[in-house]
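Peer 1: Chain residues, written in single-letter form:
2 protein chains.
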Amino acid sequence: MMNIKSTDSGLCIDNFKAYGLREDKYGVAVIVNDEICDVAAVFTKSSIKGAHIHVDEKKIPGGLQAIIVNSGNANAYVKDDVTDAEAMCDMAAKELGLKSENVGVASTGITGKKLKLHKIQELTLQVSSKLINSSEGSMKAAEAIMTTDSKPKQLCFEYEGIKIGAIGKGSGMVSPNLATMLCFLTTNADLGRKELQHALEKSTEDSFNMLEIDGDLSPNDTVLLLSNKKKPCSIDYFQVLLDHTTKEMAKLMAKDGEGATKFLEVEVIGAKTKNDAKTASKAIVSSSLVKTAFYGENPNWGRIVAALAAVLDIKLEKIDIVFESGDLRAHILKAGEVSNLEKARLILKKKEIKIIIGLNNGKEEAIAWGCDLTEEYVRINACYN
Amino acid sequence: MMNIKSTDSGLCIDNFKAYGLREDKYGVAVIVNDEICDVAAVFTKSSIKGAHIHVDEKKIPGGLQAIIVNSGNANAYVKDDVTDAEAMCDMAAKELGLKSENVGVASTGITGKKLKLHKIQELTLQVSSKLINSSEGSMKAAEAIMTTDSKPKQLCFEYEGIKIGAIGKGSGMVSPNLATMLCFLTTNADLGRKELQHALEKSTEDSFNMLEIDGDLSPNDTVLLLSNKKKPCSIDYFQVLLDHTTKEMAKLMAKDGEGATKFLEVEVIGAKTKNDAKTASKAIVSSSLVKTAFYGENPNWGRIVAALAAVLDIKLEKIDIVFESGDLRAHILKAGEVSNLEKARLILKKKEIKIIIGLNNGKEEAIAWGCDLTEEYVRINACYN
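Residue numbers (the numbering used here), protein chains in the order written: chain A, 3 to 387; chain B, 3 to 387.
Okay, chain A solo, but in the shape it has when bound (with noise of 0.2 Å):
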């Protein structure tokens, strides 16, 4: 195991500095750095792209020097999205004296809505004023990024002076690659821009790919990594340390899944292929009945078997279900005999909860998480506008 360090220093690693403001229902977030930095990015696959994801994908080849993100409106699925995409690159690249080519975008927030470019305007003068190489930065940026968001996100990790630093933001439409979700990291690994791109689509695999809040995939999910190659670096660690952040920070997005009160972490242990393992714990994670079940504390076991049996061919006296929560574990189903149902309603009562099925069928695992489905991820969404 790697000793890996947790920082306060959230995406402010080295010298990058960060800010961010809200008002009304907008919010802009600013991150920026000395030099140019080699830029690694994974985009979502929906066949209609947000206008950023467009802008961004031009620029990165030439390596970013800042981000500017506005959360609010989605600048998706509007006339002329694109061209106010570079409005805000070039908004920033003014207040922060950089050349646009430099500056990348993102948006979140309601699709179909022109974005008031005047609000974006006014904080991102704000914001450029205030930009700090501090944990405050970082984190005031994960707040302005929050749209259902009820925490902003942010998170550092370090190993032997290789440092990854991350602001996020999720809650809903996440699923079922990526998420609505944006996630901005920075590093110091002194590697090539290739190497860089090729660990965060191995990343992202098994992060925000097992991520399941509500099924939805939204046109804006994006994950930008920024490297000033400042440390010399072996992409081994790298890829350790990476796989750590991403992962911690897709759990910071299930935990705070729009209207979530219990965050699920489902591993699918003994499948055949990694696919069946992958398949079978993101089933599990995002049926209904299995959320709405850890919602009323109820241990229907039946209803993550059927979700498993939705999507593979098992049988009933091969599968063993575990629950956990800190040190508690229930055994609840074992070659088909239930047993400890007592013990596992107290483990459902609690926030955290881990569900281990074992198909004893092969070697492979996976790993999903989710959280439970509520009536306030209804009028969340019910409501939004």
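Hints were generated in silico from the structure; no laboratory data involved.
Copies of the same chain look alike in the list, so a pair counts if it fits in one copy or across any two.
Mimicking BS3-like on lysine-lysine, the simulated pairs with C-alpha atoms at most 27 Å apart in a straight line are:
no., residue 1, residue 2
1, Lys47, Lys276
2, Lys60, Lys81
3, Lys336, Lys352
4, Lys115, Lys27
5, Lys253, Lys276
6, Lys61, Lys118
7, Lys257, Lys351
8, Lys257, Lys356
9, Lys116, Lys345
10, Lys118, Lys101
Given chain A, put chain B in place with the hints provided.
Peer 2: Coordinates of chain B only, in the frame set by chain A:
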């Protein structure tokens, strides 16, 4: 257009008798004919099937004269479930003076709990003495098989002397192929067993398989069609009549989706392939964000576009979206241009809403049915046991 007549006999057409009773959490329905009927059947695609399916599969080749159905317990994922399902057939056979090999069985309710056979015995005794060839008998049977359904569901259609009657239950755990649904159909059509089976499979594809309540797949989904073969009949007319019946039953189930306040019919037209049209219509009607938006009477067409773009390669400028209800019609998205949102808001206040999506990419089309996602859905499923 064939002039299909609706009648009120439910599944008690010709010489079919039925009845049903409920007590506490259990319900029992019996359907019977004077002679052994030819049977067609479609079952769940789940890899772990409820016990009754194993029992029925053996008996269907020899024909069925009666069916016994219980609600309140799915008789799935428990020990000796097949033995218990067979015991149910024996009970009914004894009361009705039939051979057990000609009695089919079905169960619906919670999984993983032992069936209370003595309850079913008591109810079977009473039901068997009340079997009647009338609309009321059919309705009593429809009531007895309800779980979270709020209304019994029965239908009967006739064309030139060919009759198809049906009772069904749906409500939750409905998707993506069939549903936690049971549907029992009776007909007088004199067709071969293979023809009946082929017609039922074809009909299910465009009816029950296009129904989405919550994306969950049940182990017990069952559609059984019994024919007394009294009426010579062309397969083509029969297929039209059967399709009409199964679609109307699917709509009844969607209207009574768990906690639903609105019925949604999503029609995708102008698709390149039939599969595209089906995938798109099902993706839209099963999106949590689309469903909550309709619950909130919020014309958030961006969520419809997002659901579409998640499964098909589309361009916004080619998409048309129309909302309809009764005589009201709002063309809200036309070649990427938004309009008529005020009229759309009026339509969203209605209980039954049709959403028409034009892809302008071909000639194929499909319709899927579903309902909104409400706080009541969450409450029903958090507490169900």
